[in-house]
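Engineer: Chains A and B supply the protein sequences, listed in that same order.
Quick note on our numbering: the first sequence kicks off at 10 and runs consecutively.
Quick note on our numbering: the second sequence kicks off at 37 and runs consecutively.
Derived by calculation from the structure, the hints in this document are not laboratory data.
Accuracy of the hints is not assured; some may be wrong.
[What the hints assert, rightly or not] Derived Cβ-Cβ restraints for the label pairs, each shown as a range:
#, chain 1, residue 1, chain 2, residue 2, range
1, B, 104, A, 115, 31 to 37 Å
2, B, 47, A, 253, 51 to 57 Å
3, B, 65, A, 195, 45 to 51 Å
4, B, 130, A, 123, 43 to 49 Å
[As the list claims (entries may be wrong)] Heads up, incomplete: computed chain A residues facing chain B, CB under 10 Å, no partners named:
#, residue
5, 61
6, 116
7, 121
8, 123
9, 180
10, 220
Remember, it's a predicted structure, so these values are computed and weren't measured experimentally.
All C-beta atoms in this analysis are idealised placements derived from N, C-alpha and C, irrespective of residue type, glycine included.
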Amino acid sequence: MMNRREFCKKAMVMAGGLALPLSAFELFDPKSLHAEKNDKSNTRWVFLVDTHKCVGCGFCVKSCKTENEVPYDANVTRTWVERYVITKDGNTYIDSPKGARDGFTTTKIDQQHEGMKDINNEDITKAFFVPKLCNQCDKPSCVQVCPVGATYRTADGVVLIDRKWCIGCGYCVQNCPYGARFFHPVYHVTDKCNFCYHRITKGMKTACVDACPFGARQIGNLKDQNDPVTKIIMTDRVNVLKEEYGNKPQAFYLGLSKEVK
Amino acid sequence: MKNHVWRPLYVAICIVGIVLIARAILVPKDYGTHEQGYMYGTHRQGNVEEWKAVTVKYKTSEACKDCHGDKYADIKGGAHAVIGCENCHGALMEHPENPPKLSIDRSRSLCLRCHSKLPYSASGRGSIPGIDPEKHNTDSECVMCHSPHKPVIPGSENPKPEVKK
Chain A
10 MMNRREFCKK AMVMAGGLAL PLSAFELFDP KSLHAEKNDK SNTRWVFLVD
60 THKCVGCGFC VKSCKTENEV PYDANVTRTW VERYVITKDG NTYIDSPKGA
110 RDGFTTTKID QQHEGMKDIN NEDITKAFFV PKLCNQCDKP SCVQVCPVGA
160 TYRTADGVVL IDRKWCIGCG YCVQNCPYGA RFFHPVYHVT DKCNFCYHRI
210 TKGMKTACVD ACPFGARQIG NLKDQNDPVT KIIMTDRVNV LKEEYGNKPQ
260 AFYLGLSKEV K
Chain B
37 MKNHVWRPLY VAICIVGIVL IARAILVPKD YGTHEQGYMY GTHRQGNVEE
87 WKAVTVKYKT SEACKDCHGD KYADIKGGAH AVIGCENCHG ALMEHPENPP
137 KLSIDRSRSL CLRCHSKLPY SASGRGSIPG IDPEKHNTDS ECVMCHSPHK
187 PVIPGSENPK PEVKK
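With the hints as extra help, turn the sequences into a complete structure.
Structural biologist: Here's what the structure looks like:
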């Protein structure tokens with residue numbers, strides 16, 4: 010026999026249970042499933058990095074931080090440049106001091122707690138720079154894990170973060186395979202590269218593309234067959250980072266090497 | 037049935053009502069599933085416009101040439117033609133209104149971004165003329181001898197860099 014106290018408790022649980030399915034009706038809205046299949050947008054922003062051309066000057070990082078109001082001296086950045094030095098004994102040394110905000114001005118490689126590692130020129134097999142940024146994935150794992158719907162993909166394929174909606178739980182930061190997300194020290198929400206959404210939607214190029222003197226960075230529209238970037242992606246030997254994660258990244262690279270992670 | 041059985045049910049209905057009313061008030065009208073479907077497109081639509089409204093700070097060298105045509109022609113005629121004005125002078129912002137004067141970065145560290153010699157042949161860096169910053173005139177600014185707008189490449193017809201007054 011159920012007493013009143015128990016009945017009250019069960020009634021509360023049921024009330025909560027009833028509230029849930031009401032919001033779950035959205036889950037089976039056929040319109041939203043239809044939208045996933047029929048992408049009517051005529052823009053799909055993609056990025057192209059030519060690692061052969063990058064010289065590690067870091068002007069891209071400098072301009073990105075200013076353009077997107079990322080605190081200049083905080084050790085966070087929306088785009089960064091990595092240096093890879095592969096030696097004859099088969100070791101790979103990677104560094105990106107301050108995200109390469111001030112460029113690479115010394116042969117010494119920052120090995121964190123192991124100190125600075127200086128490698129003789131004769132011992133280097135190959136060395137190069139790889140610029141990195143948000144890949145604006147086609148299947149962004151960061152968006153899937155957001156518990157509040159604060160991060161999302163726009164119709165033209167850019168993943169944005171709603172600063173008013175983000176609760177700063179950091180789940181997306183952990184879920185990005187590319188380490189592109191960070192915690193914004195001023196707004197206390199997640200932040201990351203958004204291909205300078207305020208620039209590309211005005212017909213401009215991103216701040217990093219404009220700052221790069223060597224044309225190592227390019228942005229284009231994959232749905233425009235005549236776009237020079239689209240032509241390179243379609244016809245040249247481009248690669249993407251960490252394909253095995255299944256994120257379908259939309260930043261394409263020329264001249265990747267197996268050491269690049 | 038007696039009243040004491042129904043009373044908890046009224047409480048339950050009230051709680052459901054409060055949850056739904058609170059949701060209607062707290063959740064913005066434009067929050068929901070948009071173009072990209074449920075999994076990737078659930079968001080507040082107004083946020084897209086908020087991102088579009090961010091101020092453009094870097095305006096590219098093309099914004100400089102109308103007023104500073106001489107300097108623009110100067111740099112475009114030399115080896116530094118590929119370098120944008122704003123890389124050394126900072127973001128244009130709303131110049132000339134705000135700021136009325138842009139800064140000029142004359143520091144060694146700026147030049148060393150490219151001209152500190154790194155022997156990386158797999159990268160374009162390896163072929164840029166460079167110096168060892170710990171040995172090459174360590175106590176001088178580069179601009180004391182080299183013109184940043186029209187640098188002279190060592191080994192060219194005039195190997196001695198243009199010396200400025």
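Engineer: If a hint holds in the structure, say so; if it does not, say that too.
Structural biologist: Right, here's what the structure says about each hint:
| no. | hint | verdict |
| --- | --- | --- |
| 1 | B:104 with A:115: 31 to 37 Å | holds, 34 Å |
| 2 | B:47 with A:253: 51 to 57 Å | holds, 53 Å |
| 3 | B:65 with A:195: 45 to 51 Å | violated, 28 Å |
| 4 | B:130 with A:123: 43 to 49 Å | holds, 46 Å |
| 5 | 61 | holds, 7 Å |
| 6 | 116 | holds, 6 Å |
| 7 | 121 | violated, 20 Å |
| 8 | 123 | violated, 21 Å |
| 9 | 180 | violated, 15 Å |
| 10 | 220 | holds, 6 Å |
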